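What follows is each chain in one-letter form.
Number of protein chains: 4
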Amino acid sequence: MKKIAVLTTGGDAPGMNPAIRSVVRYGIGRGLEVMGVFRGWWGLINEELKVLSHRSVSGIIGQGGTILKTARCVEFRSREGQDRAYETIKKNNIDGLVVIGGNGSFTAAHEFYKQYGIPCVGIAASIDNDVNGLDYTVGTDTAINTALDAIDKIRDTATSMERIFVVEVMGRGSGFIALTVALAGGCEDVIIPEIKVDMENVCHDIVHGNLIGKMSWIVVVAEGAGKADDVANKITEMTGLETRTVVLGHVQRGGRPTAVSRDLALNLGRAAVDCLLAGKKDIALGMASGKIAEVAFETAIMKKELKIEQFYKLVKNLT
Amino acid sequence: MKKIAVLTTGGDAPGMNPAIRSVVRYGIGRGLEVMGVFRGWWGLINEELKVLSHRSVSGIIGQGGTILKTARCVEFRSREGQDRAYETIKKNNIDGLVVIGGNGSFTAAHEFYKQYGIPCVGIAASIDNDVNGLDYTVGTDTAINTALDAIDKIRDTATSMERIFVVEVMGRGSGFIALTVALAGGCEDVIIPEIKVDMENVCHDIVHGNLIGKMSWIVVVAEGAGKADDVANKITEMTGLETRTVVLGHVQRGGRPTAVSRDLALNLGRAAVDCLLAGKKDIALGMASGKIAEVAFETAIMKKELKIEQFYKLVKNLT
Amino acid sequence: MKKIAVLTTGGDAPGMNPAIRSVVRYGIGRGLEVMGVFRGWWGLINEELKVLSHRSVSGIIGQGGTILKTARCVEFRSREGQDRAYETIKKNNIDGLVVIGGNGSFTAAHEFYKQYGIPCVGIAASIDNDVNGLDYTVGTDTAINTALDAIDKIRDTATSMERIFVVEVMGRGSGFIALTVALAGGCEDVIIPEIKVDMENVCHDIVHGNLIGKMSWIVVVAEGAGKADDVANKITEMTGLETRTVVLGHVQRGGRPTAVSRDLALNLGRAAVDCLLAGKKDIALGMASGKIAEVAFETAIMKKELKIEQFYKLVKNLT
Amino acid sequence: MKKIAVLTTGGDAPGMNPAIRSVVRYGIGRGLEVMGVFRGWWGLINEELKVLSHRSVSGIIGQGGTILKTARCVEFRSREGQDRAYETIKKNNIDGLVVIGGNGSFTAAHEFYKQYGIPCVGIAASIDNDVNGLDYTVGTDTAINTALDAIDKIRDTATSMERIFVVEVMGRGSGFIALTVALAGGCEDVIIPEIKVDMENVCHDIVHGNLIGKMSWIVVVAEGAGKADDVANKITEMTGLETRTVVLGHVQRGGRPTAVSRDLALNLGRAAVDCLLAGKKDIALGMASGKIAEVAFETAIMKKELKIEQFYKLVKNLT
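Protein chains in written order, with the numbering used here: chain P, 1 to 319; chain L, 1 to 319; chain Y, 1 to 319; chain G, 1 to 319.
Hints were generated in silico from the structure; no laboratory data involved.
A few of these clues could be false.
The list treats identical chains as one, so a pair stands whether inside a single copy or across any two.
Below are the PhoX-like pairs computed for lysine-lysine, each with C-alpha atoms no more than 20 Å apart in a straight line [stated by the list, open to error]: (1) Lys304 - Lys291; (2) Lys3 - Lys280; (3) Lys2 - Lys90; (4) Lys316 - Lys196; (5) Lys291 - Lys307; (6) Lys291 - Lys313; (7) Lys234 - Lys196; (8) Lys227 - Lys304; (9) Lys90 - Lys303; (10) Lys307 - Lys196; (11) Lys90 - Lys196; (12) Lys2 - Lys307; (13) Lys281 - Lys114; (14) Lys2 - Lys281; (15) Lys307 - Lys234; (16) Lys313 - Lys3; (17) Lys91 - Lys3; (18) Lys234 - Lys281; (19) Lys50 - Lys90.
If you're wondering where the values come from, they're calculated on a predicted model, not measured in any experiment.
Only chain P is shown next, with the shape it has when bound in the complex (with noise of 0.2 Å):
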């Protein structure tokens, strides 16, 4: 293996920038030489990529989003859209690619792997977290303490009116966001896909409240079970009681990475790098158990169970 080609694909995350860099910094320093494709898949289907330097990473490790920019390709689903993407392959003499990327990118790279036999390992690098097999990917600490501060900032408001506040926060297949930050924030309940809402018991629960003199309220909604929109309106409906809402949106992809965004997307560049050198692929890499894990891709883009119930307990124990 003497060349390999890094991209990013699918929705950003905080930290693929540190990830480029280690891969790029790392890649170099094991001899190889890396190549970096612009807009994910799109960029290996047009042949945007170039040969980075030890210094094209230089300053990005704290700088969200990616430097290679990303994109949702759909060209890439038709078998032309890949053989011109294994055209640029060949043509650049490229021996192996990382991807880095949440489920979506997995689930193409696998796909990719088994027609054409190019070796790629996956760094995962998602807020939502919701790869298969790991417990942390690249990004989702940023998004939680992201979440949190807007959360925190709400709090004031919702204590100083004495109102109640439906936040929305990102996690379309997952809770994990919601739940995390409901219970760092001191959130008073959270809705999240993985468990059925039962409305009358938190509309109770707020009016059991107001009764004792609890008169602010946060309730987090994960994307994924949920509009605020119309939690809101239900806890209005069923209470009588004044209700706003907040989406957070956006605003959770971006940002500084934080200590451990940066750290893991570090040491997964570099990891990803060994694997390849190993003769290892068609596997992703995050964090489990507290260590670097390898997952085969089949494996990480199944759906992810949440082990949450105990987590979920404290939230309403917390109240």
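Got chain P; can you put chains L, Y and G on it based on the hints?
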């Protein structure tokens, strides 16, 4: 003058707590007894108030929101409500009021003063910065930095995914927040209530930018000038380009006050006490031309004209 | 078990407050009465403690420091002091203790348990992350992010003025903070107690960097491995280059706990109560292998060996 | 005037980058060619400069430091150095200079203008805020918020451990930062170069505070008024109380510029270009009385008198 009361009304703003701290401690230092009224006018009507000691305001200088809580109070608009508030004032031997809030608060305070003659001094605290005759109010600087922080984060995704974002910030009657964050965030366009927007122009710039390779775009909209979704739909309709929206909402109200918000609040607290002791009344205090300024309530509550042409042009000039 | 007491001892760490909150609320939920002891062991000796209600821990989840205050207590090292502490425990019918702190606290708790048999469970809270048998303690993540934030800022000047900086971070016996922030901050070198430093090597790298145009340099030093000034003087002596120092100091102890610090604290609070109720004692709780782990006090207070070679090498590999 | 050059000199300040961005983009918009000079005067002497395009200043609006780098340049004090700088200017057909920096920079620029007649406009950028005739310079607001953030964190430990802290902040000749953060941080005392300190008084307050139960204390010292260690030793000597020190140092120079620092920088960049085009020269630009102000270099470099009595008294009044 031996006893004064302080209250916070209207929407909470970061810096209300240091303002309270200053009124209480400086007031005590000048020989006054200071009472804190809870939930704004509602607390006067319902006699929810108590004497605040030097210690009672410890540790609040860096907290968002208001320890006295705040509320919007319908009862106070009626003569009956005002009578009851006045009774509370008489019963508790209160000689003067410090009202911390925005335009709505000052309108009420002005009416109350006219009716009952109780000396009232206002401290301008409103994130919207819409008090006429003043350049800066308590809380504005914090809200702007919160919005800027969010826009910096959104920029990471906008650049990485080469997307158009419409970001809605607070400002019902005023484009102050929108304009300052659009400039500071390097945003490509801004839509404010003070200036009629030409959507064709906005879209022309976007399309032109695309042609010369500028693929990411952030348009800031003041809530008083339109809904983010409407603006985004219009852009998609006119350009065919996918457009995302973020509504920052209540996040902008909370959070630890910045140095500017705290220092202004602390200075205004002192000034308010000095004003009452000097026999001044029916005035609001804020910053104008870099100094603490007094402005009659009657003036303060008039429509504020924003002098922004140069600022607005600069946003476009620097894109 | 009907009544337990909770105390914080040793240096404060961000997350102690959410830990207290969790012990109190979860404890009450499980039918216990929970007393809070002030100023650590000192409060036991001097009978400064009180029952904590559900409400008494409102609003502290996001606050640094500890509402119970903390102290280093010499009297507790004497038999007389311990006797008085035990008397307080008996007099107040306290059946178990939750001790929130680090190694010093656990040493004392272990001795106390051996002597008087009072069940003691520790919650590992120490920014240094030096509790043996545990991967992560409460407060570490916050301290690391604070240090990282400072290093990012120093980087701006290092780059702009093309200067060498030596930055001293906390860690008397452990290089954990130094190593993680050096990696996350993209620092060029790191000096820790666990690995003998070769200053000639450090200086050689700096001079070599200068020759190839790399003019700015940040060296992180753990306080246990040397003084920033000494390191800087050595560098200037050996290279002739001007070198600046920053000692981050106590800034690293405070601040709003991060999501990781809060969630860990909250989970450990619950676990501590569960342990006491299950009859467990003489153990410290923290995180190991991604899960909550129990480790005997005797083990916890032994010298922790940091497995850091790969981490250390990575800092150098990525420079 | 067809071509101008921009340079940053002296210590870096957060906001220099947005100032550069504004000079470049606004300058181009007004039909000028804009060159960037590297490392301040050094770059003029050594002809290190290049034309800056609109794109070259993309993405720097939120970055601390300066992309043009900065240096303190001894050679420029000699006639020979100045001659060489002037040659560069002639050779590159530069018609005017924008100098971004503080007092030292303006002294040099003023001399240079007197000698060679090249029009020079300064943008006041200095965290110390010590430019005479101006109320506010670029970078000050960011530095103050950074220092305040540190003091808020130190407060957590001061309160939890009931300790005295002496915190040294930047400000060689000016107590501006010290005073504003001491007030905003609720600090108990402040020592600045402008006012002779009475250590007996400081210590008396501390001892008195102790007697009435106020056990934690933060004293802010401007670096120009003394060393933190000396002040701490004095306090320990006079009161017998343990005292800790923190020297914030270079952390205060860096970081993402606040909204105020950015907007001021952007407006001054525009104003500097407008001034040069209008034939103005030998002046520095900053904010005074809430507006952009022009002040002759000769005035700007005189000793600035801080009007701070009321501010100073307020710190003590609110303790």
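Quick one: Lys227 to Lys304, C-alpha cut-off 20 Å, is that within a copy, between copies, both, or neither? neither (22 Å within a copy, 37 Å between copies)
Is it within, between, both, or neither for Lys307 and Lys196, if the alpha carbons may be no more than 20 Å apart? within (15 Å within a copy, 42 Å between copies)
Measure nothing new, just compare the shortest in-copy and cross-copy C-alpha distances for Lys304 and Lys291 to 20 Å and report within, between, both or neither. Answer is both; intra-copy 18 Å and inter-copy 18 Å each pass.
At most 20 Å between alpha carbons: which applies to Lys307 and Lys234, within, between, both or neither? Close neither inside one copy (28 Å) nor across copies (43 Å); limit 20 Å.
Check Lys2 against Lys281 for me: Cα-Cα at most 20 Å, and say if that holds within a copy, between copies, both or neither. Result: close within a single copy only, 16 Å intra versus 56 Å inter.
Within a copy, between copies, both or neither: where do Lys3 and Lys280 come within 20 Å Cα-Cα? within (15 Å within a copy, 56 Å between copies)
Using 20 Å as the alpha-carbon threshold, which applies to Lys291 and Lys313: within, between, both, or neither? Between copies only: 17 Å across, 27 Å inside.
If the cutoff is 20 Å on CA atoms, where do Lys50 and Lys90 land: within, between, both or neither? Let me know, please. Intra 14 Å, inter 39 Å, cutoff 20 Å: intra-copy only.
Checking Lys291 and Lys307: alpha-carbon separation at most 20 Å within a copy, between copies, both or neither? both (18 Å within a copy, 12 Å between copies)
With identical chains treated as interchangeable, where does the CA-CA distance between Lys90 and Lys303 reach 20 Å or less: within a copy, between copies, both, or neither? Answer is neither: 33 Å inside a copy and 53 Å across each miss the 20 Å cutoff.
Evaluate Lys316 and Lys196 at a C-alpha cut-off of 20 Å and name the case that applies: within, between, both or neither. within (15 Å within a copy, 49 Å between copies)
At most 20 Å between C-alpha atoms: does Lys234 with Lys281 qualify within a copy, between copies, both, or neither? Cα proximity of Lys234 and Lys281: none, with 49 Å in one copy and 46 Å across.
The structure fails hints 8, 9, 11, 12, 15, 16, 18 (numbered hints given earlier, in ascending order).
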